[in-house]
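Please build the complete structure, drawing on both the sequences and the hints.
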Amino acid sequence: MYFYLHIPKTGGQTVAERIGSAFPPERAYFLRGPIASEEALAALKGRYDFVEAHVRGGALRNAGDEVRVICTVREPIGQVISHYRHIRREPRMSLHRAANQLSPAAFFEHYGDILLNFQARCLAVAFFGTGLGPRVASETRWVLDKMGEALDRITWLVPTESIDEFCMLWSVEQGIHLPFEASRNRAASGDVDLQRLRDVVAGSMERLGLDFTLWSLAREAYAQWRRDVLDAPHLGLRRLANAMCPYKAGESEIRLTRGWYPRVERGDGVSEWWAGPMPASEILVTNAAGERYLEFEVAVVLGIAADQFRFFAGPERRPLRHSHGEPDASGVVLHRVVLPPGPGPHQIQVIVPRVRSPMEIIEGATDPTRRSFASQRWRLVTD
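Numbering-wise (my numbering), the sequence shown opens with residue 1 and increments by one.
The set of hints was computed from the structure by calculation and includes no laboratory data.
Keep in mind that a hint or two might mislead.
[Said to hold, decoys possible] In silico EDC-like cross-links for lysine to aspartate or glutamate, where the CA-CA straight-line distance does not exceed 20 Å: (1) K146 to D65; (2) K248 to E282; (3) K45 to D65; (4) K146 to D113; (5) K248 to E297; (6) K248 to D307; (7) K248 to E291; (8) K248 to E220; (9) K248 to D383; (10) K45 to E75; (11) K248 to D231; (12) K45 to E66; (13) K248 to E272; (14) K146 to E38.
Nothing here was measured: the structure is a model prediction, and the numbers come from that model.
Structure representation (structure tokens):
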């Protein structure tokens, strides 16, 4: 069973309608209200292939491996603002009158603890129930302790800004056609002074730490899942990454998969790819028999030397032999990496000791973009 753990104001209606519409009506349960107990969830197992709900009371505590959980997480300030505006619009909510009669600053002074770090609390409560009790000195500490355990139980953790792409890739990964393109709910733009409200929420950043951590982890998890889907040969999705394919000859190809900026076409007609903003950049190499070496040129470096490049293969990070030439008349250096034995695909990681911006090391530079080296003319060679 697919289960969408719906944290309020994270794009849940969009996800529920898109995925739920892929199943027969009698096999999909969504937009019907919260699930507040393990018994309520157990009653849905077997009856439905897809379930969406707000979750309370640790209903997912013993859900089992057969329940594959999807969860979306939103940028925290945007989520809080959306939640606050929803409270102002909805008379049935207990804080409706307070949200409409108090200024944003006064409201968050009195009720901010309810809306701040809300996403992390929802996640912990969905799997472990309430954190309040005689042995719990701090709810924040309890949520922090439980958040990692909860994340381990989630199959698809998705940042809200990636929902559209997620639905497309999930459809391909699972072999399930999503027939319904859901429209998004959009609140009237004139109900509050958004800039004033944003300033008030941003003034409570120290009380949003858990949600920012959760959102950051969602972005990392989604990026890894996305790479895994794109790299799966049986899914045929490599064409989606052609813009980051600096070399292709027959079945052989090189793809720059993570830690690279988009291709830039220089005035001399040569394409270059900058590495950054992190020290580690990833490459996927599919080489034919006999193609033993990966070669590329480095036209520019920012604060690193050619002998400081390190290359590793696979998740085990096996070191690869690497050599480089002397700079030519233009300062370009050729790098050569000995590939792992056998044909690819091979996952290769290049690591440099530091990443800096031109502004940090070049007098008069105004570019704050952090990057390490500019690569060009990638290729696979036999000798």
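Right, here's what the structure says about each hint:
For the hint pairing K146 with D65, the CA-to-CA distance comes to about 19 Å; that is within 20 Å, so the pair holds. Taking the CA atoms of K248 and E282, the gap is about 17 Å. The hint holds against a cut of 20 Å. Of the pairs offered as hints, the one joining K45 and D65 holds, with about 12 Å between alpha carbons and a cut-off of 20 Å not exceeded. For the hint pairing K146 with D113, the CA-to-CA distance comes to about 18 Å; that is within 20 Å, so the pair holds.
As the CA atoms of K248 and E297 are separated by approximately 16 Å, the hinted pair is consistent with the 20 Å bound. Annotation: proposed proximity of K248 to D307 is violated, straight-line Cα distance about 27 Å (limit 20 Å). Restraint check for K248 and E291: satisfied, since their Cα atoms lie roughly 13 Å apart, inside the 20 Å limit. Our distance criterion of 20 Å between C-alpha atoms is broken by K248 and E220, whose separation comes to about 28 Å.
Restraint check for K248 and D383: satisfied, since their Cα atoms lie roughly 18 Å apart, inside the 20 Å limit. Note on K45 and E75: the hinted pairing is violated, with a Cα-Cα distance of about 32 Å set against a maximum of 20 Å. For a cut-off of 20 Å, the pair hint linking K248 to D231 stands: about 16 Å separates their Cα positions. A C-alpha spacing of about 9 Å is found between K45 and E66, which places the hinted pair at or below 20 Å, so the restraint holds.
For a cut-off of 20 Å, the pair hint linking K248 to E272 stands: about 15 Å separates their Cα positions. Distance hint between K146 and E38 is fulfilled; the C-alpha atoms sit about 18 Å from each other, no more than 20 Å.
The structure shown violates the earlier hints numbered 6, 8, 10.
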